[in-house]
Each structure stands twice: as C-alpha cells, then as structure tokens.
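Note that the protein sequences, when read in sequence, are chains A and B.
For the first sequence, the residue numbers in my numbering are 1 to 114.
For the second sequence, the residue numbers in my numbering are 115 to 230.
Heads up, a few of these hints could be off.
[Stated by the list, open to error] Selected chain A positions facing chain B (Cβ under 10 Å, derived; list incomplete): (1) V45; (2) Q72; (3) L74.
[What the hints assert, rightly or not] With a Cα cut of at most 20 Å, we get these calculated DMTMM-like pairs of lysine to aspartate or glutamate: (4) A:K3 - B:D152; (5) A:K101 - B:E144; (6) A:K101 - B:D152; (7) A:K3 - B:E144; (8) B:K123 - A:E56.
Keep in mind the hints are simulated off the structure, nothing from the lab.
All C-beta atoms, glycine included, are put in the ideal place defined by N, C-alpha and C.
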Amino acid sequence: SQKIEQNSEALNIQEGKTATLTCNYTNYSPAYLQWYRQDPGRGPVFLLLIRENEKEKRKERLKVTFDTTLKQSLFHITASQPADSATYLCALDLKGGATNKLIFGTGTLLAVQP
Amino acid sequence: NAGVTQTPKFQVLKTGQSMTLQCAQDMNHEYMSWYRQDPGMGLRLIHYSVGAGITDQGEVPNGYNVSRSTTEDFPLRLLSAAPSQTSVYFCASSDPTSGRTKNIQYFGAGTRLSVL
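Only chain B is shown next, with the shape it has when bound in the complex (with noise of 0.2 Å):
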C-alpha cells in the first residue's frame, strides 16, 4: 500500500516555464489537497477537491491549476513559474467518511521546486 505517491521528488525550473507536479493515491480517498511549505509560514492550502470532478481554491491558488478526473490522481499545474513559487509542494488525501477523523491528512513525500 502506497499512500500518498508524488513526482518529480525535485524539479528546477526556469522563470516563465510551466511544469505539472504529479499526485497520485491508493487509498481511495475522495478528498484531496495540495499545500505548499515555506520557512516561518508553515503549510498553506493551494487548492483542493472533495471527488473527481471537483475542484475549489484555497489560501494560495494564484498562479496554479488542478484538476480530479480520477480518484485517484489529483495533478497540480504551475502556469508560468515565478521565483515566489520556489517552495516545497505536499499532496495529501483523506478519508471523508471516517467520521471524526474524516480531515486527518495522509501527505505525500513532496516536491522540492526551484525556480530560477
């Protein structure tokens, strides 16, 4: 059982290049996230669906795209990538219909992204 799988683990991009950072999860977890951590603010929400097909915005989502036509797999699109975007990027999934514990995060192992 892999969990929360993401791709590229690294990427070093230049300004202006567009790239598409991969989640993928086996737990068919219908809700899942994209977050991205930087030093001193700790773990901001991009955006995140709630089942294939849905989609919304969370605190941060310019400059990014995402789409769920799977429940499986939940990709992460950066536009045109900017220094402000060099950050390190978590995919997480969780499990709505577990009750109390329905919002405990599964993350992934991240993507470390530099752009120049």
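So here's chain A without its partners, still in its complex pose (with noise of 0.2 Å):
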C-alpha cells in the first residue's frame, strides 16, 4: 500500500540544538518533495521544496536532504529557536501525478525549550 510517514510523536529538543525531522514513503514516485511549517489555528505555509535528482537544498537555517533510494528525506533546523516550534509536514508531488495534488504526511510537532 501507499503510505507517507512522519514522526507519529512529537520532537522536543533544546535551544541551539539541530532538529532533524524524517518524511518516509512508500510506493510512490515523486518528481518533487516540499516542506511546509504549520502553527496552531493556521493554514500550512511552504518552506522549501526539493527535486528528486537534488541530494540537498538549503535555505537560511533549514536544510533537507532527498534519498529516492531510501524513500525518505529529512528537514534540518540548525541552531533551533523557541519560535521554531510548529507542526512540519512534508508532501510529496508525484511523478506523472495529475497538476496540483499534493500527497501530505501528518506532520510532526516540534517543540524547541529555551
């Protein structure tokens, strides 16, 4: 079957740590991966996207990484903040999939302490 997982529980982690956040799947081929942050009562806001033949992309303090191989990717906060605590959902944007449907993970809860 098709699934796409990430972290059931959430992630707690100290101040001026690096978060790392999985995304697993199977049976699905996606042409792109995205990362979007979502805070209680708000819509998901998209953070960075990445292609299946890119192995990193970078923005500020964010990195993700993509591994068709494996089926995962993992999204990187380095030097965390309290503000970065938020639900992280990746989405995958399959291959020959129809314009405009994304598959998306559950999200995981990132709870940064100061």
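Join the two chains, each given in its own frame, into one complex according to the hints.
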C-alpha cells in the first residue's frame, strides 16, 4: 500500500540544537518533495522544495535532503529557537501525477525548549 | 495583498444542514484546492480546480460540491452535513505558470467545522 509517514510523536529539543525531522514514503514516485510549517490555528506555509535528482537544499537555517533510494527526506533546523516550535508537514508531488495534487504526511510537532 | 481568504473561521452545524465555505484568492492563481485536515490523517484533497469552469475530484469528494465561476473564488458546498464532516477545512491556491514551483500551495487560515 502507499504510505507517507512522519514522526508521529512530538520532537522535543533544546534551544540551539539541531532538529531533524523525517519523512518516509513507500510505493510512491515523487518528482518533488515539499516541506511546510503549520502553526496552531493557521494554514500550512511553504518552506522548501527539493527535486528528485537533488540531494540537498538549504535556506538560511533550514536544510532538506532527499534520498530516493531510501525513500526518505530529512528536514534539519540548525541553531533551533523557541520560535521554530510548530508542526512540520512533508508533501509529495508525484511523477505523472495530476497537476495540483500533493500527498501530505501527518506532520511532526516540534517543541524547542528555551 | 491578502492571499487566500476563507470564511467563516468557525461554524457549527446540525446533521442534515447545508452550508457553503467561501474561499477567495487575490494572486490570480489558476489552480485552487480544498483540503480537510483530521487528527492523524494529514491533509486530504477534497476537490480541486485548474481554472474557471474546470473542477475535479480529489481523494475524499463524497458529500461535497464545488464550482469555479471566476479565477478568484472557489466555494465548497456541504450538501447535507454529517458528523463525519467535522474537520478543519483549508483552501489553497497555486500558480501553474511558475515552472518547478507550480505545485507550491498557498493556504488560507482554515474553517473549523463541527457537525452535531
């Protein structure tokens, strides 16, 4: 069956450390993988996009890796801050999939302790 | 620039009632979508539209209708509300002309719906 999985439990880390969130999928062939941030009571906000033939993308303190052999993406936040506390969603944009149809993971709640 | 605007923010319905969730965007995006978000289920696509007059079903379309008469507006209609439709509903838009970023979704703030 097709699945996309993120850490189901909350991730608690200390301020200043690097947070690493995982997104694993099975039986999908994504052309792109996207990461979003969602704050309580708000809609998701796009953060980063990585293509299947790209190993790594960076944006300020954020880094995303994409391993199509392992069928996994890792999302890193370096020098984490309490303001980074939120739920982070990954989403697959499939090869040959209809335009505008993304498959979303359930999200990982990140809590950064001061 | 307001982006994607959803109304109402909260709604309580009784089983069997109908209502329309409104969504408007001011970014001139051709593509718009409706998602529902439930605990442990992630965002699931209900219906989507690739332009005015064109709509299609997503993963969970039953019990919902959509229409797209203008580029800006994409209302979602609940025909006869059921408790299983208690959820948070998000409208999103995207720009198909933006190359590799064409499927990046711009979301509204959501409508929290309870069906009793």
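Going through the hints against the structure:
1. With a cut of 10 Å, the hint placing V45 (chain A) at the interface with chain B holds, because the nearest CB-to-CB distance is about 7 Å.
2. Taken as an interface hint, Q72 (chain A) does not check out: its beta carbon lies about 17 Å from the nearest beta carbon of chain B, beyond 10 Å.
3. Evaluation of the L74 (chain A) hint against chain B yields a violated restraint, the C-beta minimum of about 19 Å exceeding 10 Å.
4. Taking the CA atoms of K3 (chain A) and D152 (chain B), the gap is near 16 Å; set against the 20 Å cutoff, the hint holds.
5. Annotation: proposed proximity of K101 (chain A) to E144 (chain B) holds, straight-line Cα distance about 14 Å (limit 20 Å).
6. A threshold of 20 Å between alpha carbons decides the hint, and for K101 (chain A) with D152 (chain B) the separation of about 18 Å falls inside it, so the pair holds.
7. Distance restraint check for K3 (chain A) and E144 (chain B): the Cα-Cα separation of roughly 29 Å exceeds the 20 Å cut-off, and the hinted pair is therefore not satisfied.
8. Simply put, K123 (chain B) and E56 (chain A) have alpha-carbon atoms about 38 Å apart, too far for the 20 Å limit, and the pair is violated.
Figure legend: structure checked against the earlier numbered hints; hints not met, in rising order: 2, 3, 7 and 8.
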